[in-house]
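K.L.:
Protein chains in written order, with numbering that gives the first Met the number 0: chain A, 0 to 211; chain B, 0 to 413.
Worth flagging that the hints you see were computed from the coordinates, not collected in a lab.
Note that the structure is predicted; figures quoted are calculated from it, not measured.
There's no promise every hint is true.
What the hints assert, rightly or not - In silico DSSO-like cross-links for lysine-lysine, where the CA-CA straight-line distance does not exceed 30 Å:
id, chain 1, residue 1, chain 2, residue 2
1, A, K136, B, K282
2, A, K177, A, K193
3, A, K40, A, K184
4, B, K282, B, K186
5, A, K136, B, K359
6, B, K186, A, K63
Said to hold, decoys possible - Among the chain B residues that face chain A by a calculated CB cut under 7 Å, a handful are:
id, residue
7, V205
8, N206
9, D303
10, G304
11, G305
12, H346
13, E351
Said to hold, decoys possible - Okay, the calculated bits of chain A under chain B, using three or more residues with CB under 8 Å as the criterion:
id, segment
14, 13 to 25
15, 102 to 112
16, 125 to 135
17, 192 to 200
We put the beta carbon where it would ideally sit given N, CA and C, even for glycine.
Chain by chain, the residues:
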Amino acid sequence: MMKNNISIALLDNDPITVAGLSGMLLHKGFGSLIWTDCDAKSALRRCFDPQSRPTLLIVDMSMKPLSGTDVCRRLRRRLVTPSVLIITSFDIVQYAQEAVAAGAQGIVSKTDFDSISDAIRTVSFGGTWGMGFETAKMAHMRISRLSNEYALVSGREAEVLDLLSQGLSVKDLASMMKITEASAKSYVLRARHKLHAATLRELVAKWTGEIS
Amino acid sequence: MSNLRWNQGDARQFLMMPKSYRIAHTVIVLLVLMLSCIDWLSYPTSNWYSTAVAIMVLICIIAALFRPLVAGSLLFGIDALCAVHNTVGGPSRLWSTALGAGAIASCIGTVLSLVIVVLVECMIQIVQSYYLVSSIDEISIVGNVVIISLVFLAALLGLFLNGMMRQQRLREREYAQNLDRQNEQHKVELLDYALHMHDHVLGLLVNVALAANRHMGSKPSDDGDRESASGPRDESGDWTLVYEQTSEAIRDIHHIVRHMSSLNVDDHKVAAITNVIALVRSKARNVDNRLSEQGFHGRFSVNDGGFECIPMDKRLSLLDNVMHAVADDIIATGERDGAYEVSVMLHGTTAEITETHPMKHVDEKGRMKAGGASDEAEAYAAVRSRLARIGGELRVCVDDEDCRSTYVYVPLIA
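I would like the entire structure built from these sequences, with the hints used as guidance.
P.N.:
Now the structure itself:
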């Protein structure tokens, strides 16, 4: 039985698969399933938030509009954790290279239940599952190109950026954060300088990983 | 003159002509044949030589249907012969020579051919005047000009027909190419659609398999217990059967999708790319062995993240140099007890090397140096400028855990 300090999150756009895999995880007693999500953007926000960041994110390969590899790449551009295990209904031989390039730590077939158990165990403890996969640290170094611009963003600035990426206006986020609008604008301006973003739109796109 | 143009005189070429041009060609030949026959009937031949020439002319006119170039040349030859030794009676050679000029120009299809035909006809007319006319006064300048003009017009018509035919062929070829392209696109769209359908079916099957798997190990419900009281029923067995059959269907679909995906794959290119990856792996092994000999241990992997190019030799050599430079850096700054990790990711048309290792001694000064130029200057100086020239990148940093990390981006094609 796995230790319970492993927190797992599950992202799949098919609710039936989410229910099936959640049931299987609970049945096998793998760590703790802290959240499941059917929406990639919402899952990314949860991963970027340290409070809801899991140790392992299990993500479906084929989702729209963001695929599993898109999610993985956006995550890796900013974070070393969580480890990412990609699950797919398709032939893993066809998609393994894409998963490797996106910075995932493994790929496993949804129907290969024995392998799912082993893969979750291995990847949760920092290993990789399958040929050619990098550790989360190496994948982050590669995809971020050793750029530390995200690390320069302060906690308050990150909070502002998170709210902006949820679609809030500067005025709304200022009232939500209980700060003046001028202070909110100041946080935005500093974040723009740090992330080398010319416009607010570019800043949000960079923060959410839509552009590098 | 190209062989292609000469070959246009072949009989096959006549059959390959567009129908409208074939009809026009036939009508012209028949018209000339009819005019010649009328001429012959009007002025019967008076000796065997004239009769032989008349027959040859008619044969050549008919032959112009199938071998226009040969027939045209022969008609000119007969005209030249008659310029020296004239016939008495028989068909006028005006029609046949004009046909010959048109046939030659339409077969060769160049302005040069038109010029040559007209010049030859001029020569024939001059020779004819020299041999057959007793005095200069009797030379019919107007008659000769009319004949040469007629030959010129016939050659011009031939040239025009050739141009039209070539354009028609070009249009047909473009149409055929378009048709091929459309067929190919349609095939790709069909394959894409089929793949999407397979994906959809596969998703549903996976859900069935997941549900079946959940029920396989489940205990019978209260209802089930009641059922077992009236008559035992093994639901778990049913679910196992559903699961097994679904899994088999999924495997079958995987085979189909794999087969469909491999339809458009260029096997030679795949083999060449596999060889390149094997070569990079063997070079990486050498570097790894070098590090082992120096007492370092760690993981040096070459990963294929969708590599799809055959790199230039110079870039492969640069990649090898970069890997050795990374090893040099590990040897210069790394802690022998700590494990290094190097990953060479081959992806698209690039190679990305990421490396991390614990540093030998870390103090504030050392950390400053590591991020700066002195340590890395030793190992990376040689490759840094080469990388910059080709749009590559080399970054080095030291993190809070005193690990020195390197990232190198190497474009493998220009």
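K.L.:
Are three or more residues of the segment 102 to 112 of chain A within 8 Å, CB to CB, of chain B?
P.N.:
holds (count 3)
K.L.:
For the hint on G304/B, does the least C-beta distance to chain A fall short of 7 Å?
P.N.:
Holds: closest Cβ of chain A sits about 3 Å from G304/B, inside 7 Å.
K.L.:
Keeping to a limit of 30 Å between CA atoms, is the pair of K177/A and K193/A held or broken?
P.N.:
Measuring from Cα to Cα gives roughly 24 Å; hence the hint holds.
K.L.:
Within 30 Å, alpha carbon to alpha carbon, are K136/A and K282/B?
P.N.:
holds (24 Å)
K.L.:
Going straight from one Cα to the other, do K186/B and K63/A come out at no more than 30 Å?
P.N.:
Roughly 25 Å separates the two Cα atoms, so the pair holds.
K.L.:
At least three residues with a C-beta closer than 8 Å to a C-beta of chain B: is that true for the segment 192 to 200 of chain A?
P.N.:
Since three or more residues must qualify, the claim that chain B covers the segment 192 to 200 of chain A is violated, with 0 doing so at under 8 Å.
K.L.:
Given V205/B was flagged as interface, is its beta-carbon under 7 Å from a beta-carbon of chain A?
P.N.:
holds (4 Å)
K.L.:
Is the interface hint for H346/B satisfied, with its Cβ closer than 7 Å to some Cβ of chain A?
P.N.:
Since chain A brings a Cβ to about 5 Å from H346/B, closer than 7 Å, the hint holds.
K.L.:
May I ask you to test the interface hint for E351/B with respect to chain A, counting a Cβ-Cβ separation under 7 Å as satisfied?
P.N.:
holds (5 Å)
K.L.:
If you count the residues of the segment 125 to 135 of chain A with a beta-carbon closer than 8 Å to a beta-carbon of chain B, do you get 3 or more?
P.N.:
Per the Cβ count (4), the hint holds.
K.L.:
Holds or violated: the hint that D303/B contacts chain A, with Cβ atoms closer than 7 Å.
P.N.:
Holds, because the Cβ-Cβ distance from D303/B to chain A comes to roughly 6 Å (cut-off 7 Å).
K.L.:
Next pair to validate is K282/B with K186/B; report whether the Cα-Cα distance is within 30 Å.
P.N.:
The hint is violated at about 41 Å.
The structure fails hints 4 and 17 (numbered hints given earlier, in ascending order).
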